[in-house]
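Protein chains: 2
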Amino acid sequence: MTRPTLAHIAEMAGVSVSTVSKVLNGRDDVSRDTRAKVDSALRQHHYVRRGTAAPDATAVRTVDLVMSGLDGSWPASVASGLEAAAYEAGVHVAISVARSSASATNHRAQDWVDRVLERGSAGVVLGLIEPTPDQLGRLAQARVPCVVIDPLSDPPPDVMSVGTTNWAGAYEATQHLLQRGHQRIALVTGPPEHLYSRARIAGYRSAMAAAGLEVAPESVRHGTYDRASGAEQVRALLERRPRPTALFICSDHMAIGGYEAIAGAGLRVPEDISVVGFDDLPEARWVAPALTTVRQPLKEMGGSALRTLVRLMNGEELESPRVELATTLVVRDSVAPRG
Amino acid sequence: MTRPTLAHIAEMAGVSVSTVSKVLNGRDDVSRDTRAKVDSALRQHHYVRRGTAAPDATAVRTVDLVMSGLDGSWPASVASGLEAAAYEAGVHVAISVARSSASATNHRAQDWVDRVLERGSAGVVLGLIEPTPDQLGRLAQARVPCVVIDPLSDPPPDVMSVGTTNWAGAYEATQHLLQRGHQRIALVTGPPEHLYSRARIAGYRSAMAAAGLEVAPESVRHGTYDRASGAEQVRALLERRPRPTALFICSDHMAIGGYEAIAGAGLRVPEDISVVGFDDLPEARWVAPALTTVRQPLKEMGGSALRTLVRLMNGEELESPRVELATTLVVRDSVAPRG
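In order, the protein sequences belong to chains A and B. Residue 33 in the UniProt record's numbering sits at position 33 of the first sequence, and the numbers go up by one each step. Residue 93 in the UniProt record's numbering sits at position 93 of the second sequence, and the numbers go up by one each step.
Hints may be right or wrong, so weigh each one.
Unchecked claim - Simulated crosslink set (DSBU-like; lysine-lysine; CA at most 35 Å straight-line):
1. Lys-22(B) to Lys-37(A)
2. Lys-37(B) to Lys-22(B)
3. Lys-22(A) to Lys-37(B)
For the record, the hints were derived by calculation from the structure and aren't laboratory data.
Kindly generate the complete structure, drawing on both the sequences and the hints.
Structure follows, in structure tokens:
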């Protein structure tokens, strides 16, 4: 069982892979004969080609949602919002996980871009994936528009993104702790190279500065967004003297890990230490005490990304390459006032 | 913005919808001229056709995962397992939610079968959806094979299904409570018409009977798999005298609702009442006390459904129309011994 990779087509037509790619991308530096051979091979393989730049309003259009993984609440919420918007827009949704070739257990290892192009996708939404300049270039060359949800780093100016107001969310969370009387507020956030980590640190710092408080460098720690790293970073923070009275932990999963570290140190949330999370995944409601957290509108972000993508597919001009949807602070039971 | 429904194609070719359908299905009671007109209209609309009965091993093949919803841990786990298996098998995955036409907010209301056929899907996996005989008939006519995950009712003998060992899982959960000394064990399960509810009730009854215990009719209650209904059914059970000492609640979400009802009655889990759930969603680990539950291998069910579907797409004979993957009891902190 094989699929028509560009390599197959090239072999069949007796040309190089880059020649096939040129034909697919409508380049004109290919001889007429060569083009005919490639076209014939493509037809024989039922290769679904991208149309021209003008959108074909009548064809079945499928867009790709490519994410770093499908497990868990984050992808489920994004996919759910995106699928509902796609249904409204009359486009179909293909999903896949972005894998590195190295992780494949068979010989058919393919880049997600290969698969998107192979399928003749009308557009791509990326979730928690950092597209390389090469990948973006190949999409652009094939005229497949792309929208990035929650970009890990600043995308090029011509790549659209939908995110959330990370700075404002972090500012509001920190201010909530300040208003409850906390001053020794430490921060656990994600890897420093991530765009949204930087925005959240900045929001926290701004709120602290507005309250006239200094932030010691040791009060800011970086985890990797998972439960274990949350526990590890919080353990380190609990060893500081004087101990922080409140923690702003920039992911619900890390905050749940933080709960474990706090319990492990014989302390209680919120009596001994207050905690605010970030995301508002369903888990935030299940834990005890229920977690006060900054809600990211994940469904709405999925829906907004899809609608932006459809506008690009239709050749519309967009006002702004960046959309940030508002966060909201969800107050539950993990913050106590500090007298 | 419209899409090429069969009606569009029919109008363009000047024939009836059923004629288009005949051409698409390779029927030979269509004249050569009519066929040519339909073929031309299909080509102009870039209509992606199903191949012949013999699978076309070289084309890009997309399968559909259609579920009752995409939100939450159940769909995420199933989709994750299915997508990984699809990647290995070299097929693409389209996802959608099965909507009733009535729920659509625009005029493009479509049955999921319409969309599957429109896309030229090579096969369909259904999750928590009850296909109607009409829907199954249309898929069969278009030669689109179908696999049902966790069927709500007994599917027709020619429809493949992948489920879990509901009877054995319920038997094991009940036995676990019996071995810890419980005798007054009540059951909360799903709607009585669901196949897996019936299997779980039967497993519970068998374990009780094997221990020589009678089951009062009032000890078996039916919820709707959500948190609120779990709380409601447990409240009713807590009013019984003598009160049950243990509850087997056949969904983690209902069990979490049960926790709330138990706390609301001033009782503690597991000191006053023991609880066993069913599913092993991530939520079961977040709640306090962590929930002892019956694990459904959801990822494996997604993977198995995909592999079964690919075998059907390849025209292979299957040994059995039913596959049940084993459950496992995951012991955590919600069961206490009863002296």
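Results of checking the hints against the structure:
{"no.": "1", "hint": "Lys-22(B) to Lys-37(A)", "in the structure": "holds (33 Å)"}
{"no.": "2", "hint": "Lys-37(B) to Lys-22(B)", "in the structure": "holds (13 Å)"}
{"no.": "3", "hint": "Lys-22(A) to Lys-37(B)", "in the structure": "holds (33 Å)"}
The structure shown violates none of the earlier numbered hints.
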